[in-house]
Amino acid sequence: MTSVVYTLRTVPSGRHPPEGVLRIQRHPLKGDVTRRIVRDMSTAIRTAGLRKRYGRTVALDDLDLEVAPGEIHGFLGPNGAGKSTTIRILLGLARADDGTAEVLRADPWHDAASLHARLAYVPGDVTLWPNLSGGETIDLLARLRGYGRSSAYRRERDRLLHAFALDPRTKGRAYSKGNRQKVALVAAFACPADLLLLDEPTSGLDPLMEVVFQQELRRVHEHGTTVLLSSHILSEVEQLCDRVSLVRAGRVAETGTLDDLRQLTRTQVSFADTGAALPPLPGAHDVERSNGRVRFTVDSDDVASVLPTLGAARVTGLRVEPPSLEELFLRRYGERVDAGVGE
Amino acid sequence: MNVIGPLLRARLRRDAVQLTLWIACTLALAAAAVVGVRGQFPTVEDRQGLLAAAIANPVILLFRGLPSGSDEAAFTTFLIAPFLMLLAALMSTFLAVRHTRGDEETGRAELIAATPAGRSAALIATVGHGILADVVLGALVALAFLGFGYPARGSLVLGLSVTATGLVFFAVALVAAQVVRTSRVANAIGVWAVLIGLLVCGLGNALGTPSADLQRMRSAPLAWISPYGWAENVRAFDADDARPLLLSLALTVVCALVAFALHRSRDLGASLLPAPRGAAAAGRLLSGPLGLAWREGRGAVIGWTVGGLVVGLLATRLSSVIAQIGDTIPSVQAVLQALAAQGSLAQGAVEVFFTLAGILAACAGVQMIARLRQDEAAGLAEPLLAAAVSRSRWLGAGLALSAAAIIGVLGAAVVGAAVGLATTDGGDTSLLRDAVVSAGGQALAAAAIAVIAALAFVFVPRLAVLIGWAVVGVAAIVGLFGPLLGLPDAVVRASPLASVPVVSGDTVDPRGAVVWAIVVIVAGGAAVLGIRRREVVADR
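Taken in sequence, the protein lines are chains A and B.
Here the first sequence is numbered in my numbering, starting from 42 and rising by one per residue.
Here the second sequence is numbered in my numbering, starting from -7 and rising by one per residue.
Just so you know, these hints were derived from the structure itself, not from any lab.
Each hint should be verified, as a subset may be incorrect.
Unchecked claim - Ranges of calculated distance between the beta carbons of each label pair, as one might list FRET restraints:
(1) A:D247 with B:G261: 14 to 24 Å
(2) A:R146 with B:V529: 25 to 35 Å
(3) A:D138 with B:L13: 28 to 38 Å
(4) A:L249 with B:G261: 19 to 29 Å
(5) A:G187 with B:G261: 47 to 57 Å
(6) B:P480 with A:R190: 51 to 61 Å
(7) A:G140 with B:S384: 22 to 32 Å
(8) B:L124 with A:G140: 51 to 61 Å
(9) A:R190 with B:V452: 30 to 40 Å
(10) B:R290 with A:G187: 54 to 64 Å
Said to hold, decoys possible - Far from chain B, some chain A residues (derived; all Cβ distances over 12 Å):
(11) L238
(12) L281
(13) G358
Unchecked claim - Stretches of chain A that chain B covers, calculated by requiring three or more beta carbons in the stretch to come under 8 Å of a beta carbon on chain B:
(14) 149 to 155
(15) 180 to 192
(16) 205 to 218
(17) 312 to 326
Ideal placement from N, C-alpha and C gives every residue a C-beta, glycine not left out.
Use the sequences and the hints to build the structure in full.
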């Protein structure tokens, strides 16, 4: 990805004028140019050697995470891997036993209040004050972050209420799971933020609202907001995220762009089985003949080397399938993943 | 298919610890009363003296039972029965709401209703559970008194009256749970009914007709509109006449039928009174943790403040009643003169009532701190702390509202006292000075209790609610009844409610003011510093 960086003069906007950098990036494949104002800092989130235990349970074990400014960073891992604990530490709701955490160049534990004016958080299981209406809750959260009185905020809030089809007059106790989630999402998107911490934010949302969520996330991304997105909806992560980190047992097992991760995983190749003897397949692993097809896997950067052989053998019904994120996920975490998974 | 059995067992299992503790505390109170009476009032003369003083002083009767002679068992019943009934009533109220509206609110009722149990089995099981709890409590109270060597018939009648009172308020709470949408409101209605019933009965007894020898009192008709009045008029260990309990039984049955009728006619989760719609946007006040705390706690604060107003009004209004009785009955006059040697009786009344107002203020103050913890446990601290609110500001809002509630309750008590004086012919205006001094002292006491709750909230969050209410309860019992239970002075003074400034004669006795002020400052400071180092502890 090529990127040209121009320094920009300070632009006052909102309470926290970004001491900004204009980053213009050209997408290598699509060729479209994006312009983002991002804060001039090396990382938006950086943790080093985070450790946290609850009694005998080790929640985090030497977790290193880096999120670059302006990116949407996917945060993946099975239940109990430590994703929520990490986010709680990044919010200063819990304190690490060891290691360091830095969010927007601030210490999340000591500078929590001032830091939180610049970020928004959406948990996966939203609790609302039972006797406050959704509209009141959204306004309260906005005011706590220092917005909420401007007409710009009101316009944005009304637009989001409409987009998410949310009735603001229902009391907190009466909302369904999905609607509670929407209240938190509207509150998070209604005010400008430098960073969004999203912990499975779309759990309980219907597919229509999932689309609205993705639109809104892209919108704030365009404006330079950094996003840490913990999610189990892998298609969502695949579509939205610039980079992902895979967490396992309290540490980041892998981190990189999706392409980077795919390189680490073999690509699955299959073609119609005519019953004839197989040609020699350089670099092929796990060759298997079943259900009228020949399947094997090959290192993702080795795919090209096997194609001439297949061409010479004039195979039919050729399929070359780079691993989906789901496959990556299952390969990393599944106890035993059958060869056919993901097909 | 028997579905009631499993539901009933599940209820017993869920409440096992809670009900055991509750019943054990009730029995401990009963035992303490017997031991206290035997220690403090061993002879008939001692008991006759106290009865005469109590009958002469309606303030005492307001918080005691119905005087029914100087026999030791009847005398103990006079002193402690209303509190045993109060504990039974509160236990039953919370039990009723917990297993009906509480379960509906959390969605558990839906899970049960989706099984063959259907919608009504849960309510039937709850009724069975409530009856069982109250019968066990009454039986154990009877056994306890029997164990102390009191007559069997009287023990049985006393146990029955405790059970009957518990059941009445159990049924009232069942109705409340059908009428309103949330368990918080249903509990509030139930507790108000319990307290108003106690107050009405106390007033009815205080305004009754004493016998010539000042050993017995006939309740005024007012007492007969309260379930406590029925239960006290059985006169356990004296007349042993259980017939008034038929009224309790009748009211219980009527309320239970109403509850079942309401339950049958409504949807699961719905209520007779519709849930109001909320505002589309937040009002001006709702813009920070303090505004939020006020929004959440205002109903409770207003309730406690009304309580303070009533108590303040009684503090000065009742002293005129005392004077009237003294004028008409010579034997009362003699007792009054004896009591007045240690300071004016009206002054004593103000002190007692303002101690009561102090308990209300402490309840209000602790409730505001307990709310912090309940919100935190429910996961509601996170959205605040994730939104530019520091921990100290979060606790600060709770402490500020707690202080405001305490000042509100005692301020209302002073206003009530002033109104009481202004509407009494020839009221002694110096009583207002006594009221102001007592209110200030009690505010200090309530603040000390609330700050201890805050300290628990910071350092042992999971136990904070329990500790907060336990401190209120112990301070109230020790402060109000310590001398009666024969506790040493040092123990009584450990209750802030009993060791803050009062007016004695014409001088202000500061008592433990300095100590409690130091407690407030040190514990408050420790809490504010400690919260900065504490993580959020949700229960989920």
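How the hints compare with the structure:
The hinted range of 14 to 24 Å is satisfied by D247 of chain A and G261 of chain B, whose Cβ atoms lie roughly 22 Å apart. A beta carbon spacing of about 28 Å between R146 of chain A and V529 of chain B agrees with the range 25 to 35 Å that was offered as a hint. Between D138 of chain A and L13 of chain B the C-beta distance comes to about 36 Å, which sits within the given range of 28 to 38 Å. Taking the beta carbon of each, L249 of chain A and G261 of chain B are about 26 Å apart, inside 19 to 29 Å as hinted.
Between G187 of chain A and G261 of chain B the Cβ separation comes to about 38 Å, which falls outside the hinted range of 47 to 57 Å. In this structure the hint that P480 of chain B and R190 of chain A lie 51 to 61 Å apart at CB holds, the actual value being about 59 Å. At roughly 25 Å, the beta-carbon separation of G140 of chain A and S384 of chain B lies within the given 22 to 32 Å, and the hint holds. Taking 51 to 61 Å as the suggested C-beta distance range, the pair L124 of chain B and G140 of chain A conforms, at roughly 54 Å.
For R190 of chain A and V452 of chain B, the hinted distance range of 30 to 40 Å is satisfied, since their beta carbons lie about 39 Å from each other. Between R290 of chain B and G187 of chain A the Cβ separation comes to about 25 Å, which falls outside the hinted range of 54 to 64 Å. The Cβ of L238 of chain A sits about 8 Å from the closest Cβ of chain B, inside the 12 Å cut-off, so the non-interface label is violated. Taking the minimum C-beta to C-beta distance to chain B, about 22 Å, the non-interface status of L281 of chain A holds against the 12 Å cut.
For G358 of chain A, the requirement that its beta carbon stay farther than 12 Å from each beta carbon of chain B is met, with the minimum near 49 Å. Residue count for the region 149 to 155 of chain A with a Cβ under 8 Å from a Cβ of chain B: 3. That meets the three needed, and the coverage hint holds. Coverage of the region 180 to 192 of chain A by chain B holds [criterion: at least 3 residues with CB-CB distance below 8 Å; count 8]. Counting residues of the region 205 to 218 of chain A whose CB lies closer than 8 Å to any CB of chain B gives 6, so the stated coverage by that chain holds, three being the minimum.
Remark: the region 312 to 326 of chain A is not confirmed as covered by chain B, as 0 of its residues place a Cβ nearer than 8 Å to a Cβ of that chain, below the required three.
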